[in-house]
Amino acid sequence: MGKEKTEFEEKFVSKTEKTKKLWEKRITENTTLSMESVQWMAQRINSLLEYMQYGYALIAYRKQDGSFYMGRGTLVSYESDFKKKHDVTSIKAHVAYWDAEQQGWRTFLIENFMEWRPIVN
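With the sequence shown counted from 1, adding 13 to any position gets you this note's numbering.
Please note: incorrect hints may appear among the correct ones.
What the hints assert, rightly or not - Okay, derived cross-link-like pairs now, DSSO-like style, lysine-lysine, Cα gap no bigger than 30 Å in a straight line: (1) K28 - K105; (2) K34 - K76; (3) K28 - K98; (4) K28 - K97; (5) K105 - K38; (6) K105 - K76; (7) K76 - K33; (8) K98 - K76; (9) K28 - K96; (10) K33 - K96; (11) K31 - K96; (12) K33 - K97; (13) K31 - K105; (14) K28 - K76; (15) K34 - K105; (16) K76 - K96; (17) K76 - K97; (18) K97 - K34; (19) K76 - K38; (20) K28 - K38; (21) K105 - K33; (22) K31 - K98; (23) K76 - K31; (24) K98 - K34; (25) K38 - K97; (26) K33 - K98; (27) K34 - K96; (28) K98 - K38; (29) K31 - K97.
I should point out that these hints are in silico values taken from the structure, not numbers from a laboratory.
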């Protein structure tokens, strides 16, 4: 049984790592950031998505018009709203999240992400 879990974990890690590599490629193609910054950004987006499944995060990014945006986001209601589980590996260009201030689903482009912090009540 332990071996099966290990194989499952390896497959999951592989899919997540593959997804992060795709994000890194997209970020590299659309920005002039260093590879170190690109890798940092992909890792931070991944940790944001993991966190938002259970809580609220303060998210900072550039909108497509170039303006700065910071807001509270979550994925807590994703499954009930979309009738499917959130799948990080399906994200190619846009990150979707529930915007608590605007009370609606919003997206941002991966390459426009800046930073995030957990919101702890």
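Self-check item: Holds or violated: K33 to K97, with C-alpha atoms at most 30 Å apart
Solution: Answer holds: K33 to K97 is near 22 Å, not above 30 Å.
Quiz item: Does the structure keep K76 and K33 at a Cα separation of 30 Å or less?
Solution: holds (21 Å)
Quiz item: Is K33 close enough to K96, meaning Cα to Cα at most 30 Å?
Solution: With a Cα-Cα distance of about 25 Å, the restraint between K33 and K96 holds, given a limit of 30 Å.
Quiz item: When you check the alpha-carbon spacing of K98 and K76, does it fall within 30 Å?
Solution: At roughly 26 Å apart (the allowed maximum being 30 Å), K76 and K98 satisfy the hint.
Quiz item: Has the given pair, K28 with K76, been kept, meaning a C-alpha gap of at most 30 Å?
Solution: Holds, because 28 Å separates the two Cα atoms, which is no more than 30 Å.
Practice problem: Starting from K28, check that the Cα of K105 is at most 30 Å away, please. | Solution: holds (13 Å)
Exercise. Take a quick look at whether K105 and K33 sit within 30 Å of each other, Cα to Cα.
Key: holds (10 Å)
Quiz prompt | 30 Å limit on alpha-carbon distance, applied to hinted pair K98 and K38 | solution = Cα-Cα ~25 Å, so holds.
Quiz prompt | Restraint check for K34 with K105, where alpha carbons must lie at most 30 Å apart | solution = holds (11 Å)
Quiz item: If you draw a straight line from the CA of K38 to the CA of K97, is it 30 Å or shorter?
Solution: Holds, at about 27 Å.
Quiz item: Does K28 pair with K98 here, judged by a C-alpha cut-off of 30 Å?
Solution: holds (16 Å)
Quiz item: Holds or violated: K28 with K96, Cα cutoff 30 Å?
Solution: Since the Cα atoms of K28 and K96 sit roughly 22 Å apart, the hinted pair holds (cutoff 30 Å).
In the structure shown, no violation is registered for any of the earlier numbered hints.
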